[in-house]
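Using my numbering, the letters of the sequence shown map in sequence onto residues 2 to 237.
To be clear, the hints were calculated from the coordinates, so they are not data collected in a lab. For every residue, glycine included, the Cβ atom is placed at its ideal position computed from N, Cα and C. Among these hints, one or two may not hold up.
Claimed, not checked - Within a straight-line C-alpha distance of at most 30 Å, the following computed DSSO-like cross-link-like pairs (lysine-lysine) qualify: (1) LYS164 with LYS179; (2) LYS198 with LYS164; (3) LYS219 with LYS232; (4) LYS215 with LYS232; (5) LYS170 with LYS147; (6) LYS128 with LYS141; (7) LYS141 with LYS118; (8) LYS198 with LYS219; (9) LYS128 with LYS118; (10) LYS179 with LYS198; (11) LYS118 with LYS147; (12) LYS179 with LYS166; (13) LYS100 with LYS128; (14) LYS198 with LYS215.
As the list claims (entries may be wrong) - Derived Cβ-Cβ restraints for the label pairs, each shown as a range: (15) VAL153 with THR129: 43 to 53 Å; (16) LYS179 with GLN200: 30 to 40 Å; (17) GLU163 with PHE138: 34 to 44 Å; (18) ALA182 with ASP150: 43 to 53 Å; (19) LYS179 with ALA202: 55 to 65 Å.
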Amino acid sequence: MMNRRLFQRGAICLLAALFCVLLGGNVVIAASDPPADAHGHATTQDHDPGHAAGQDHDPGHAAGQDHDHGHASSLSSDKLWDLFWRVVNFAVLIWLIVKFGAKPIGSGLAGRQRRIKEELAELEQRKTEAERSYREFESKLANVEKDIDTIVERAVAQAEVEKTKIIEKAEQAAEDIKRQAELAVQQEIMQANRTLKSQIAEQAAIMAEELIVKNLTKEDQVAIVEDYLEKVGTIQ
2 MMNRRLFQRG AICLLAALFC VLLGGNVVIA ASDPPADAHG HATTQDHDPG
52 HAAGQDHDPG HAAGQDHDHG HASSLSSDKL WDLFWRVVNF AVLIWLIVKF
102 GAKPIGSGLA GRQRRIKEEL AELEQRKTEA ERSYREFESK LANVEKDIDT
152 IVERAVAQAE VEKTKIIEKA EQAAEDIKRQ AELAVQQEIM QANRTLKSQI
202 AEQAAIMAEE LIVKNLTKED QVAIVEDYLE KVGTIQ
């Protein structure tokens, strides 16, 4: 509705301006007519010597001037009527444009205005989102150095923990190996002692048997064997 009123006001202003222009042009044309009449009158005055010589022609000359003024008046009236009908035609044209074209033009302008508002709203929303994203990015950039320091500290602490675990595992493995080695050595020593004792016992038995067979009597052999068995029992 507002667009239609603005359009009508613009059309009326344009009509008034055109009317003023046409009216001003008519005034200029009307103002330019007298010099022609004056020129005609001056031409008539050029014949004043003849006219002075024959003053009997004055009534005819006056009649000619009246005819010229009537012609000028008729010409001005025709131009005014022509201007009037031009203005009327133009006013009718403007009325038709306002009557049948204001609504489509107003609807088009309203639709265009609505689309522009929607586009502006969308652009404003995008601007707001972009500003929010920019602020978030700035905040993240401001915290990057702090985050890096935190990550480095965590990595160093984790490395220290892993180092401690590795050292503890290595020490535990070394202790296990040491215990296993000591146990193996003890077992080997015990096995060697048992083997050595067995060999000594066998060798002593053989030697005793040989001595008994060669040099001793039955009584002596029995005594030696008993003594040997007693010693072997003591060693075991």
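Consistency of the hints with the structure:
Under the criterion of a C-alpha separation no larger than 30 Å, the hint pairing LYS164 with LYS179 is consistent with the structure, at around 22 Å. Distance hint between LYS198 and LYS164 is unfulfilled; the C-alpha atoms sit about 50 Å from each other, more than 30 Å. Restraint check for LYS219 and LYS232: the C-alpha separation of about 20 Å stays at or below 30 Å, so the hint holds. Proximity of LYS215 to LYS232 is assessed by CA-CA distance (about 22 Å); at most 30 Å being required, the pair is judged to hold.
A threshold of 30 Å between alpha carbons decides the hint, and for LYS170 with LYS147 the separation of about 34 Å lies outside it, so the pair is violated. A C-alpha spacing of about 20 Å is found between LYS128 and LYS141, which places the hinted pair at or below 30 Å, so the restraint holds. About 34 Å separates the Cα atoms of LYS141 and LYS118, which puts this hinted pair outside 30 Å; it is violated. With a C-alpha separation of about 27 Å, the suggested pair LYS198 and LYS219 falls inside the 30 Å cut-off, and the hint holds.
Distance check on the hinted pair: LYS128 and LYS118 sit about 15 Å apart at the alpha-carbon level, within 30 Å; holds. Restraint check for LYS179 and LYS198: satisfied, since their Cα atoms lie roughly 28 Å apart, inside the 30 Å limit. For a cut-off of 30 Å, the pair hint linking LYS118 to LYS147 is broken: about 44 Å separates their Cα positions. The straight-line distance between the Cα atoms of LYS179 and LYS166 is roughly 20 Å, inside the 30 Å bound, and the hint therefore holds.
Taking the CA atoms of LYS100 and LYS128, the gap is about 42 Å. The hint is violated against a cut of 30 Å. This hinted pair checks out: LYS198 and LYS215 have alpha carbons roughly 26 Å apart, not beyond 30 Å. Range check, VAL153 to THR129: Cβ separation about 37 Å, and the 43 to 53 Å hint is violated. Remark: the range hint 30 to 40 Å for LYS179 to GLN200 is upheld by a beta-carbon distance near 31 Å.
Evaluation of the 34 to 44 Å hint for GLU163 and PHE138 yields a pass: the beta carbon distance comes to about 35 Å. Evaluation of the 43 to 53 Å hint for ALA182 and ASP150 yields a pass: the beta carbon distance comes to about 47 Å. In this structure the hint that LYS179 and ALA202 lie 55 to 65 Å apart at CB is violated, the actual value being about 34 Å.
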